[in-house]
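Given only the sequences and the hints, what does the whole structure look like? Please build it.
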Amino acid sequence: KQEVTQIPAALSVPEGENLVLNCSFTDSAIYNLQWFRQDPGKGLTSLLLIQSSQREQTSGRLNASLDKSSGRSTLYIAASQPGDSATYLCAGGGGSEKLVFGKGTKLTVNP
Amino acid sequence: EPEVTQTPSHQVTQMGQEVILRCVPISNHLYFYWYRQILGQKVEFLVSFYNNEISEKSEIFDDQFSVERPDGSNFTLKIRSTKLEDSAMYFCASSELGQGRGYTFGSGTRLTVV
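The listed protein sequences correspond, in order, to chains C and L. Residue numbers 96 to 206, in the working numbering, belong to the letters of the first sequence in order. Residue numbers 462 to 575, in the working numbering, belong to the letters of the second sequence in order.
Worth double-checking, as some hints may not be accurate.
Unchecked claim - Simulated pairs of lysine-lysine, DSS-like, Cα-Cα distance not exceeding 30 Å:
hint, chain 1, residue 1, chain 2, residue 2
1, C, LYS96, L, LYS503
2, L, LYS503, C, LYS201
3, L, LYS544, C, LYS96
4, C, LYS137, C, LYS201
5, L, LYS518, C, LYS137
6, C, LYS137, L, LYS544
7, C, LYS163, C, LYS96
8, L, LYS518, C, LYS96
9, C, LYS163, L, LYS539
10, C, LYS198, C, LYS96
11, L, LYS539, C, LYS198
12, L, LYS544, L, LYS518
13, L, LYS544, C, LYS163
14, L, LYS518, C, LYS201
15, L, LYS518, C, LYS163
16, L, LYS503, C, LYS198
17, L, LYS539, L, LYS503
18, L, LYS503, C, LYS163
19, C, LYS198, L, LYS544
20, L, LYS518, L, LYS539
21, L, LYS518, L, LYS503
22, L, LYS503, C, LYS137
As the list claims (entries may be wrong) - Ranges between beta-carbon positions, derived for each pair:
hint, chain 1, residue 1, chain 2, residue 2, range
23, L, SER516, C, LYS137, 33 to 43 Å
24, C, GLY155, L, GLY477, 47 to 57 Å
25, C, VAL115, L, ASP524, 39 to 49 Å
Think of the hints as simulated: they come from the structure by calculation, not from any bench. Model, not experiment: these values are computed from the prediction. Cβ coordinates follow ideal geometry from the N, Cα and C atoms, glycine included.
Below, the structure is given as structure tokens:
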């Protein structure tokens, strides 16, 4: 059974800092790994999808990596901005229709 | 950009009552999902729906839950007899590709059972 863990639960950084969010999963037979952003009271916005044959994906200031052998994914945010403040969720897919989510990292970027 | 639309945004119901949560997926998507998030907890998978039938469901999705695509645009989640522990944010999602790829989530319906 896939379990997804995210550390830290909360992170506060000054504007402009580069930061890394961590996600670990228990089942290395992961089909894909996704990072989502959740704003308070809002839905989930897909940020990056890494398929099992890939090791990383980039979109603007965001870069996500996947290391299946160690059961880890990281989301790197460059030059953070106050608008990046949100909860970041990672979710693993095992090839079925179900995504297994972590509890998220709440990021606060201070001006 | 295409959106998944959910209504209502907030619903309050009495314990034991039936509720129907409504979703309009993106028009060319073929895979539909319901997830829920109890306050302070993880987002949990409930059910997936493809080709007019349930393709996968979780242990949470018991006989009290049902889903339906009554027409070409709506996708609904029905809870027959609500319990206090059903209070949560319910998210609908749709995907063109399936298998956990290319999800678009709606903004959710906050269900409060009193």
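Here's how the hints hold up against the structure:
| no. | hint | result |
| --- | --- | --- |
| 1 | C/LYS96 to L/LYS503 | 15 Å, holds |
| 2 | L/LYS503 to C/LYS201 | 13 Å, holds |
| 3 | L/LYS544 to C/LYS96 | 27 Å, holds |
| 4 | C/LYS137 to C/LYS201 | 14 Å, holds |
| 5 | L/LYS518 to C/LYS137 | 24 Å, holds |
| 6 | C/LYS137 to L/LYS544 | 24 Å, holds |
| 7 | C/LYS163 to C/LYS96 | 16 Å, holds |
| 8 | L/LYS518 to C/LYS96 | 15 Å, holds |
| 9 | C/LYS163 to L/LYS539 | 38 Å, violated |
| 10 | C/LYS198 to C/LYS96 | 16 Å, holds |
| 11 | L/LYS539 to C/LYS198 | 26 Å, holds |
| 12 | L/LYS544 to L/LYS518 | 19 Å, holds |
| 13 | L/LYS544 to C/LYS163 | 39 Å, violated |
| 14 | L/LYS518 to C/LYS201 | 29 Å, holds |
| 15 | L/LYS518 to C/LYS163 | 26 Å, holds |
| 16 | L/LYS503 to C/LYS198 | 5 Å, holds |
| 17 | L/LYS539 to L/LYS503 | 21 Å, holds |
| 18 | L/LYS503 to C/LYS163 | 22 Å, holds |
| 19 | C/LYS198 to L/LYS544 | 24 Å, holds |
| 20 | L/LYS518 to L/LYS539 | 14 Å, holds |
| 21 | L/LYS518 to L/LYS503 | 17 Å, holds |
| 22 | L/LYS503 to C/LYS137 | 15 Å, holds |
| 23 | L/SER516 to C/LYS137: 33 to 43 Å | 27 Å, violated |
| 24 | C/GLY155 to L/GLY477: 47 to 57 Å | 48 Å, holds |
| 25 | C/VAL115 to L/ASP524: 39 to 49 Å | 44 Å, holds |
Figure legend: structure checked against the earlier numbered hints; hints not met, in rising order: 9, 13 and 23.
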